[in-house]
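*Asks:* Residue numbers (my numbering), protein chains in the order written: chain X, 1 to 259; chain B, 260 to 413.
The hints are simulated quantities; they were obtained by calculation from the structure and are not laboratory data. This structure is a prediction, so every number in the text was calculated from the model and none was measured. Yeah, the Cβ is synthetic: ideal placement off N, Cα and C, and Gly gets one too. Mixed in with the good hints, there may be bad ones.
Said to hold, decoys possible - Here are the simulated lysine to any residue pairs, SDA-like style, with alpha carbons at most 25 Å apart:
1. Lys204/X / Asp78/X
2. Lys187/X / Val291/B
3. Lys187/X / His363/B
Said to hold, decoys possible - Which residues of chain B face chain X? A partial, calculated answer using Cβ under 7 Å:
4. Arg318
5. Val322
6. Ala381
As the list claims (entries may be wrong) - Just a sample of chain B residues kept apart from chain X, beta carbon distances all over 12 Å, derived:
7. Arg308
8. Glu342
9. Gly356
10. Ala364
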Amino acid sequence: MSDGSQTMEPRDEEGGGHEPDALRRKLLKLAGAAVALTLAPGVTVLARDLVVKGSGGRKAPVRYGLLIDANACKTGCDACVRACQDYNGLSHDPGPDNAQWIRKVTITNPKTGFSRSFPVMCQHCENAACVDVCPTGASFRRPDGIVLVDKHRCIGCRYCLMACPYKARSFVARNVSDQKPWAPRGKGTAEGCTMCVERVEAGKLPACVAACERAGHKGMVFGNLHDPKSAIAKRLSEVATTTIRADLGLGPSVHYRGI
Amino acid sequence: MRVRAGLWAVLAVVVALSGVWAAHRGRVAFPVIAMAPGHCILKTAEMRRTHMMLLRAVREDIVRRDARDTRFRLTHCVACHVERTASGRFVPVNAPGQFCASCHAYVGVRLDCFDCHAAVPARKGFTAGTALQAAFRIPRALRGSGGQGPGGQP
Numbered sequence: 001m002s003d004g005s006q007t008m009e010p011r012d013e014e015g016g017g018h019e020p021d022a023l024r025r026k027l028l029k030l031a032g033a034a035v036a037l038t039l040a041p042g043v044t045v046l047a048r049d050l051v052v053k054g055s056g057g058r059k060a061p062v063r064y065g066l067l068i069d070a071n072a073c074k075t076g077c078d079a080c081v082r083a084c085q086d087y088n089g090l091s092h093d094p095g096p097d098n099a100q101w102i103r104k105v106t107i108t109n110p111k112t113g114f115s116r117s118f119p120v121m122c123q124h125c126e127n128a129a130c131v132d133v134c135p136t137g138a139s140f141r142r143p144d145g146i147v148l149v150d151k152h153r154c155i156g157c158r159y160c161l162m163a164c165p166y167k168a169r170s171f172v173a174r175n176v177s178d179q180k181p182w183a184p185r186g187k188g189t190a191e192g193c194t195m196c197v198e199r200v201e202a203g204k205l206p207a208c209v210a211a212c213e214r215a216g217h218k219g220m221v222f223g224n225l226h227d228p229k230s231a232i233a234k235r236l237s238e239v240a241t242t243t244i245r246a247d248l249g250l251g252p253s254v255h256y257r258g259i
Numbered sequence: 260m261r262v263r264a265g266l267w268a269v270l271a272v273v274v275a276l277s278g279v280w281a282a283h284r285g286r287v288a289f290p291v292i293a294m295a296p297g298h299c300i301l302k303t304a305e306m307r308r309t310h311m312m313l314l315r316a317v318r319e320d321i322v323r324r325d326a327r328d329t330r331f332r333l334t335h336c337v338a339c340h341v342e343r344t345a346s347g348r349f350v351p352v353n354a355p356g357q358f359c360a361s362c363h364a365y366v367g368v369r370l371d372c373f374d375c376h377a378a379v380p381a382r383k384g385f386t387a388g389t390a391l392q393a394a395f396r397i398p399r400a401l402r403g404s405g406g407q408g409p410g411g412q413p
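Assemble the whole structure, with the sequences as input and the hints as a guide.
*Replies:* In structure tokens:
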């Protein structure tokens with residue numbers, strides 16, 4: 001660790017207790033509290049969300065994200081879910097082993113009766129738990145922030161299904177037929193929302209976002225979070241938004257308004 | 260004497276076994292490779308030897324490195340080499356006797372690409388034409404000349 005010179009201080013206070021765990025905990029606390037951490041003269045890490053590690057402080061040019069406006073999302077409308085199923089060749093039936101790359105969730109505050117319905121999918125986390133736990137490196141995060149399963153490497157261990165707090169991953173337990181050429185999927189692999197990576201690369205919107213627009217709700221904004229001129233970045237700077245389970249510190253790319 | 264007799268017996272057994280082997284070999288259908296219209300993206304002999312390496316390298320590029328403008332895409336292979344029935348329906352390339360399956364059956368190599376990947380093109384628009392647009396970026400020297408002869412003889 002290059003920041004050893006600064007982080008040695010806690011051990012001195014402990015009087016050479018030689019408890020690595022205690023030290024580590026203190027270090028973590030220290031690191032968590034710091035907004036700006038000086039690694040070496042002239043090199044400062046700001047928030048991890050803004051600066052790419054090892055990039056010399058350069059911001060990643062692209063990080064794709066979504067802003068979902070729960071105020072605009074209509075209860076009972078499942079246009080985004082159906083569009084996802086159609087585009088990616090998933091079944092419409094809610095069978096026990098049918099995949100749900102995106103699903104509608106309704107939350108209600110029992111005390112006030114306040115209720116909101118909104119879609120939840122893979123949150124494409126910056127510090128994705130699925131990537132962390134994957135034993136083969138099949139779960140990975142692309143430079144543009146999209147989290148994918150490399151099914152060529154996936155061994156079907158399902159650690160990612162367990163690790164994801166958003167329940168965004170699912171497992172293909174049976175043979176699949178009639179796949180779409182742009183969405184290969186097969187038995188024995190984990191899968192999840194791909195943010196319609198092929199469409200995005202072709203300059204199109206993800207299927208769910210396009211469907212929401214077609215349905216006239218305009219409840220979803222897609223774009224590059226790192227481009228201040230993009231619609232999503234502008235909107236995020238204007239309205240109060242949050243991420244689901246922000247306390248976990250996974251840094252989701254999917255932001256919500258009105259929940 | 261007994262040694263010589265033993266040797267003759269061994270030879271006889273070997274000859275008999277090779278006959279059985281040959282007969283068995285005859286039962287596996289010789290690959291029938293329908294040539295795609297237009298150019299192959301590589302020379303046939305080269306493609307026959309290296310297609311699995313190309314696909315393996317390219318799948319890393321496409322999935323992990325966001326390099327989707329590659330020429331050797333499985334979807335392009337399928338788009339060019341898929342056959343149609345008389346009624347115009349696509350026949351999966353991994354169906355018995357089809358482009359991929361006939362060779363793989365002959366050499367006894369399991370073909371698992373299509374456990375996950377689509378073995379037919381998605382829509383009628385995306386066929387040989389689309390795939391060839393990609394193929395035309397290949398230097399002429401490397402390009403094969405499919406569609407002209409029975410290039411499928413191993």
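*Asks:* Give a verdict on every hint.
*Replies:* Here's how the hints hold up against the structure:
1. Lys204/X / Asp78/X: holds (20 Å)
2. Lys187/X / Val291/B: Given pair Lys187/X, Val291/B is violated - Cα atoms ~30 Å apart, limit 25 Å.
3. Lys187/X / His363/B: It holds: about 21 Å lies between the C-alpha atoms, which stays within 25 Å.
4. Arg318: With a closest approach of 6 Å, the Arg318/B hint holds.
5. Val322: At about 5 Å, which falls below the 7 Å cut-off, the nearest Cβ of chain X leaves the hint on Val322/B intact, so it holds.
6. Ala381: holds (5 Å)
7. Arg308: holds (21 Å)
8. Glu342: Fine: 17 Å to the nearest Cβ keeps Glu342/B off the interface.
9. Gly356: holds (19 Å)
10. Ala364: holds (20 Å)
When each numbered hint is compared with the structure, a violation occurs for hint 2 only.
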